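Heads up: the protein sequence lines correspond to chains Z and P, in order.
Under our numbering, read the first sequence as residues 1 to 117, first letter to last.
Under our numbering, read the second sequence as residues 1 to 73, first letter to last.
Where hints are given, some of them may not hold.
[Unchecked claim] To spell it out: a stretch of chain Z is covered by chain P in this simulated footprint if at least three of its residues, at any positions, have a beta carbon under 8 Å from a beta carbon of chain P; those stretches are:
hint, stretch
1, 25 to 37
2, 67 to 74
3, 80 to 90
Read the hints as simulated data drawn from the structure, not as lab findings.
None of these values were measured; they are calculated from a predicted model.
For each residue, glycine too, the CB sits at the ideal point set by N, CA and C.
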Amino acid sequence: MAKAAYVVNGAENKNIIPALVLGSSSAASGDEVFIFFTPGAAELLKPGKIETLKPKGYPEAIELWNGIKSLGGKFYLCELVLDVKDMKKEDFRDDIELVGATTFISEIEGAQTTFAF
Amino acid sequence: MAVHKLELLGLKCPQPILKIAVEAPKLQAGDILEVLADCESFPRDIEAWCKKTGRTLLFCRDEGGKYNAQVQF
Chain Z
1 MAKAAYVVNG AENKNIIPAL VLGSSSAASG DEVFIFFTPG AAELLKPGKI ETLKPKGYPE
61 AIELWNGIKS LGGKFYLCEL VLDVKDMKKE DFRDDIELVG ATTFISEIEG AQTTFAF
Chain P
1 MAVHKLELLG LKCPQPILKI AVEAPKLQAG DILEVLADCE SFPRDIEAWC KKTGRTLLFC
61 RDEGGKYNAQ VQF
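Next up, chain P with everything else stripped away, as it sits in the complex (with noise of 0.2 Å):
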């Protein structure tokens, strides 16, 4: 199981969503995906991503206008 990391600070939706998905193909099942993002829909997109692809959010976390989520692919 490996650990990806993609840094998405000034990136507007739908951006860091369909940097996520280009990076998916990336990855194992197992694999996480590290994501810190600022847009202001990221925390709803992630969850709804999520949701459409399969996908597992672990958490997505407000760390103070940025959020550090995990996604388990």
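Next comes chain Z alone, as it looks inside the complex (with noise of 0.2 Å):
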């Protein structure tokens, strides 16, 4: 199975949009997905901000969101939010894993399709 990782740094539509959209179509077309949200995207991991998204003329946030997770797509927060945003793990969604740069890194190995926003 392939392996696609997307980064998402920052907390704007132009940053989850596009990985919510490339994402999915990759995890539909059976690739093994990867998403690895910097401290920067900390605040679309709220509870019940992803499903706040819809901006005109797309999908809805959460029906990709929810595609992905259920097509075994992972979502993560890189650990180093709970110092640099002064957040507990506690303060966001359940549907996420808080790793470290190096879990990230080393499960991506061999990704043949990576992508930042």
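With the hints as a guide, bring both chains together as one complex.
Below, the structure is given as structure tokens:
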């Protein structure tokens, strides 16, 4: 199974929507999908936030999020966020994992598709 | 061999293909998935998805702005 890795480096629609559109296409095509959020994207991962993202002309973000999840995709948040943003694990939605950069880099080894937004 | 049907009208790229991929594990080898969609990119997307995932696109017909496709698993 090919791997596809996406990095989300901000909390605006221009950061998250392309990652979800392309990530869901990767997942639907049988790729193992990893989406890694840096601390700059942390606001997106507060409970209920993704559900509010309904940009004009795009599918609703939560539809794509849930599609990726149901196809086995992983959503990772950089654990540096705890210190960078003074936040706790409990401050985030429960379908993400807090991981170190080394874990992410290790898991995406050999990825054929990589994007950063 | 069973025929499964999916009505995906009104869904925008990449949702139709995403819905098909989520449905796919329910189908057995030889089953047919019949899809109705109206996303502009659907004909090329379903062709690409079948090629990538090893399924057979039996046809994808333009029926006046709606696309009717059959995929054999």
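Cβ contact check, 8 Å cutoff: the stretch 80 to 90 of chain Z against chain P, three residues minimum:
Violated: only 0 residues of the stretch 80 to 90 of chain Z have a Cβ under 8 Å from chain P.
Coverage claim, chain P over the stretch 25 to 37 of chain Z, checked by counting residues with Cβ within 8 Å (three needed):
holds (count 5)
Outcome, coverage of the stretch 67 to 74 of chain Z by chain P - at least 3 residues whose beta-carbon is closer than 8 Å to one in that chain:
holds (count 3)
Against the hints set out earlier in the document, a violation occurs for number 3 only.
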